[in-house]
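Next come the chains, spelled out residue by residue.
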Amino acid sequence: MINHFIPKNLSEALDILSNHDCYIIAGGTDLMVQKHRSSGLLPTFEKDVLYISNLEELNFIRSDDKGVHIGATTKYRDISSSELVPQLFKDVISELASPNIRNMATLAGNIGNASPAGDTLVALYVLDAYLVLQNKESKREILVKDFIKGVRKIDRKPDEMITEIVIPHHDLHYYWKKVGSRAAESISKLSFLGAYITKEGIIKDLRIGFGSVSITVVRNRDIEKQYIGLKIDEFSQQIPEIIRKYDEIINPITDQRSTKDYRKKVAMNLLKDFLTKIK
Amino acid sequence: MKINFVINKHNVTVDVDPSMRLLDVIRNELHLTGTKEGCGEGSCGACTVLVDNIPYDSCLTPIANVIGKEVMTIEGIRESKEYNVIADAFAKMGGSQCGFCTPGMIIATYALLQSNPHPTDEEIKVALSGNLCRCTGYQGIINSVRLASQKGEKND
Ligand SMILES: Cc1cc2nc3c(=O)[nH]c(=O)nc-3n(C[C@H](O)[C@H](O)[C@H](O)COP(=O)(O)OP(=O)(O)OC[C@H]3O[C@@H](n4cnc5c(N)ncnc54)[C@H](O)[C@@H]3O)c2cc1C
Ligand code: FES
Ligand code: FES
Numbered sequence: 268m269i270n271h272f273i274p275k276n277l278s279e280a281l282d283i284l285s286n287h288d289c290y291i292i293a294g295g296t297d298l299m300v301q302k303h304r305s306s307g308l309l310p311t312f313e314k315d316v317l318y319i320s321n322l323e324e325l326n327f328i329r330s331d332d333k334g335v336h337i338g339a340t341t342k343y344r345d346i347s348s349s350e351l352v353p354q355l356f357k358d359v360i361s362e363l364a365s366p367n368i369r370n371m372a373t374l375a376g377n378i379g380n381a382s383p384a385g386d387t388l389v390a391l392y393v394l395d396a397y398l399v400l401q402n403k404e405s406k407r408e409i410l411v412k413d414f415i416k417g418v419r420k421i422d423r424k425p426d427e428m429i430t431e432i433v434i435p436h437h438d439l440h441y442y443w444k445k446v447g448s449r450a451a452e453s454i455s456k457l458s459f460l461g462a463y464i465t466k467e468g469i470i471k472d473l474r475i476g477f478g479s480v481s482i483t484v485v486r487n488r489d490i491e492k493q494y495i496g497l498k499i500d501e502f503s504q505q506i507p508e509i510i511r512k513y514d515e516i517i518n519p520i521t522d523q524r525s526t527k528d529y530r531k532k533v534a535m536n537l538l539k540d541f542l543t544k545i546k
Numbered sequence: 043m044k045i046n047f048v049i050n051k052h053n054v055t056v057d058v059d060p061s062m063r064l065l066d067v068i069r070n071e072l073h074l075t076g077t078k079e080g081c082g083e084g085s086c087g088a089c090t091v092l093v094d095n096i097p098y099d100s101c102l103t104p105i106a107n108v109i110g111k112e113v114m115t116i117e118g119i120r121e122s123k124e125y126n127v128i129a130d131a132f133a134k135m136g137g138s139q140c141g142f143c144t145p146g147m148i149i150a151t152y153a154l155l156q157s158n159p160h161p162t163d164e165e166i167k168v169a170l171s172g173n174l175c176r177c178t179g180y181q182g183i184i185n186s187v188r189l190a191s192q193k194g195e196k197n198d
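Residue numbers (our numbering), protein chains in the order written: chain A, 268 to 546; chain B, 43 to 198.
Incorrect hints may appear among the rest.
Straight-line distance between alpha carbons at most 20 Å, and here's what the computed PhoX-like set of lysine-lysine pairs gives [claimed, not checked]:
{"#": "1", "chain 1": "A", "residue 1": "K539", "chain 2": "A", "residue 2": "K498"}
{"#": "2", "chain 1": "A", "residue 1": "K544", "chain 2": "A", "residue 2": "K532"}
{"#": "3", "chain 1": "A", "residue 1": "K444", "chain 2": "A", "residue 2": "K544"}
{"#": "4", "chain 1": "A", "residue 1": "K539", "chain 2": "A", "residue 2": "K444"}
{"#": "5", "chain 1": "B", "residue 1": "K44", "chain 2": "A", "residue 2": "K357"}
{"#": "6", "chain 1": "A", "residue 1": "K546", "chain 2": "A", "residue 2": "K498"}
{"#": "7", "chain 1": "A", "residue 1": "K275", "chain 2": "B", "residue 2": "K44"}
{"#": "8", "chain 1": "A", "residue 1": "K498", "chain 2": "A", "residue 2": "K527"}
{"#": "9", "chain 1": "B", "residue 1": "K111", "chain 2": "A", "residue 2": "K275"}
These are computed hints drawn from the structure, not numbers from a lab.
For reference, chain A alone in the conformation it holds in the complex:
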């Protein structure tokens, strides 16, 4: 017998989680597809279900010195229209799914789903975003990159839920490309986000992320670090070497959306295009 819980507030939700191992449903745009059988039949949930979409306490966007805080039930629609949210992030969301889905779905759901094609994940990795997980007793913070353990694998204990996501402030220039088969509603074949800061002709920051080329986002800080501090003309000479380094670590697979060769080629072309645009 499966229980369905529709909590009135956060503390009730956390109480329920402390006693029941639940599926958490926010917008449902991932889970309702994964659990759907056929028209007219109920979805198949094998364990209890907790519906959080209407928890108003977690529907917020605010900013402080740590960054922009986005509540776990805040919908993409509201994230896109907020003045507090960085443009980079809005650009990523504007290409995610479709208007209806952006009206219903949440950023926490994109993280919780931990799909290799999750579009916001590339940006969250590149911006060093972290999330707040809460249980009945306490809270903890964890970087998105450490929270995601693999395909649909996350570091969530049964009594915890994501309550907010924090995107640190930045003044990065960025280069974002999502490659899909049509403008709306296409799951990425591949995505790329490059970001940098230059000051007085010197590379002050460099960050590179690839989505859909591996089981999780690929971002390699060791490679990035080697080029921070270089003058731009020295950096330009290093571009072939940088490309070679990424060439070694980008090993995409073939699946129903694309082939490994296509993914690899496009990933490397986008990287090159980004690197040559740094000024």
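Using the hints, position chain B with the ligands against chain A.
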């Protein structure tokens, strides 16, 4: 579980499993069959309804998510004066052929024109980007939305 919400301005209570799709509640419990099921997985927009005036895919929405909210289906939109303008425009400009996508297209158009009465063609395309049509080739639909926006303006 007993679930209360508002459908087309009437309070209703349904006694269903909270995970039941809003689409199934609308069609099978409330017998409002104007809302269509195309793909059943969020890709076609045929099942579009308004929830508190915002377009949702009813095939992805568990009924638990609309407790206490106002749901509007094409049957409810039909009672509005905007509907007549939009439906006329779809008829004049060839925006509907088999009609299967049309309830969803009309709701997407209605929601767009409510928030943006004078959309550009680009804004029309974005607003309808989640609604698929297998018949018209879309140009007739875009022309319909543009005409509805011009007509609506005259009625203001
Ligand atoms: C047609 C279609 C197109 C799509 N296109 C894209 C696309 O272009 N790019 C993309 O990235 N995604 C896409 N998606 C996937 C989906 O819309 C997103 O992943 C969305 O962000 C999920 O949010 P949700 O609130 O609907 O999640 P839900 O389905 O409610 O939940 C998703 C997962 O997250 C977990 N979860 C949710 N909230 C919490 C919480 N507070 N704490 C802990 N766990 C939580 C759930 O348990 C579940 O495992 C698409 C989906 C569809 C149906
Ligand atoms: S039936 Fe809901 S989007 Fe296709
Ligand atoms: S008119 Fe037939 S699907 Fe659009």
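| request: Take the C-alpha atoms of K546(A) and K498(A), compute the straight-line distance between them, and say whether it is at most 20 Å. | output: Given pair K546(A), K498(A) holds - Cα atoms ~10 Å apart, limit 20 Å.
| If you draw a straight line from the CA of K44(B) to the CA of K357(A), is it 20 Å or shorter? | violated, 38 Å
| Pairwise hint evaluation, K532(A) against K544(A), where the allowed Cα distance is 20 Å at most | holds, 19 Å
| said: Can you confirm whether the C-alpha distance between K444(A) and K544(A) stays at or below 20 Å? | reply: Distance ~14 Å between K444(A) and K544(A) Cα, so the pair holds.
| request: Below or equal to 20 Å on CA atoms is what counts here, so check K539(A) against K498(A). | output: This hinted pair holds, its Cα atoms lying about 18 Å apart.
| task | Sort out whether K44(B) lies within 20 Å of K275(A), counting only the CA atoms. | result | Cα-Cα ~16 Å, so holds.
| task | For the pair supplied as a hint, K498(A) and K527(A), confirm whether the alpha-carbon distance does not exceed 20 Å. | result | violated, 35 Å
| message | Can you confirm whether the C-alpha distance between K539(A) and K444(A) stays at or below 20 Å? | response | holds, 13 Å
| said: Can you confirm whether the C-alpha distance between K111(B) and K275(A) stays at or below 20 Å? | reply: holds, 14 Å
In summary, the structure is inconsistent with hints 5 and 8 from the numbered list given earlier, while agreeing with the others.
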